[in-house]
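S.K.: Listed below are the residues making up each chain.
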Amino acid sequence: SQQGEEDPQALSIQEGENATMNCSYKTSINNLQWYRQNSGRGLVHLILIRSNEREKHSGRLRVTLDTSKKSSSLLITASRAADTASYFCATDAHDYKLSFGAGTTVTVRA
Amino acid sequence: SQTIHQWPATLVQPVGSPLSLECTVEGTSNPNLYWYRQAAGRGLQLLFYSVGIGQISSEVPQNLSASRPQDRQFILSSKKLLLSDSGFYLCAWTSPGGDGQYFGPGTRLTVL
Chain G
1 SQQGEEDPQA
11 LSIQEGENAT
21 MNCSYKTSIN
31 NLQWYRQNSG
41 RGLVHLILIR
51 SNEREKHSGR
61 LRVTLDTSKK
71 SSSLLITASR
81 AADTASYFCA
91 TDAHDYKLSF
101 GAGTTVTVRA
Chain S
1001 SQTIHQWPAT
1011 LVQPVGSPLS
1021 LECTVEGTSN
1031 PNLYWYRQAA
1041 GRGLQLLFYS
1051 VGIGQISSEV
1061 PQNLSASRPQ
1071 DRQFILSSKK
1081 LLLSDSGFYL
1091 CAWTSPGGDG
1101 QYFGPGTRLT
1111 VL
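Protein chains in written order, with my numbering: chain G, 1 to 110; chain S, 1001 to 1112.
Check the hints yourself; a few may be wrong.
Computed spacing ranges between beta-carbons, pair by pair [to be verified]:
#1 Pro-8(G) to Gly-1027(S): 16 to 22 Å
#2 His-94(G) to Leu-1011(S): 20 to 26 Å
#3 Gln-1062(S) to Glu-53(G): 34 to 40 Å
#4 Asp-66(G) to Val-1051(S): 26 to 32 Å
#5 Gly-1052(S) to Ala-78(G): 16 to 22 Å
#6 Ala-10(G) to Gln-1070(S): 25 to 31 Å
#7 Gly-1054(S) to Val-44(G): 25 to 31 Å
#8 Asn-18(G) to Glu-1059(S): 21 to 27 Å
#9 Glu-53(G) to Val-1015(S): 22 to 28 Å
#10 Leu-1112(S) to Asn-18(G): 26 to 32 Å
No wet-lab data here; the hints were simulated from the structure. For clarity, every value in this text was computed on a predicted model and none was experimentally measured. Cβ coordinates follow ideal geometry from the N, Cα and C atoms, glycine included.
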């Protein structure tokens, strides 16, 4: 079943701007992960944040997690054309499996 | 370093024909393995996962099956394909207790 839901479904920004997308989920989790998928390709793991963490950074990526609201956000700073992709959140609920949302499609305009 | 392979990359099959998609992982041992399907413009649907040789858990009842004949080999099969089986099939692995799943390049299946 699909637990994570991303918002917005699609996002179009100018190169150099920041992109923010959100993920909401329903049940308790062990960790939450964000992935990127370029068109027609496999998913690439970006970052994992554990349930006892509130914020995590990796390069131009910043992820927050609010377990009380069951939500997470992914911020991409200083976006580039190469950031054009679909972004998915996935929740790990202690049972070997990930539940993926439907994704946010990000288009970065040059 | 670890790598994951999937083949074929694309496949066009008639309705009612059999299917066999293969996934292999290199550079790790005893991985957890996963098969997902992605419909166009949608998220991933988990089909099967395996935590060891011969151990398969099915998430969605359907005409697909999976097998794990070797530690680093995961096969997705069907005896008779349906039109609704069309989609993008992704294999992934993770190490037990590891951080994140690592995906193969995918197989695009079109059933006509």
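S.K.: Which hint numbers doesn't this structure obey?
M.R.: 1, 2, 5, 6, 8, 9, 10
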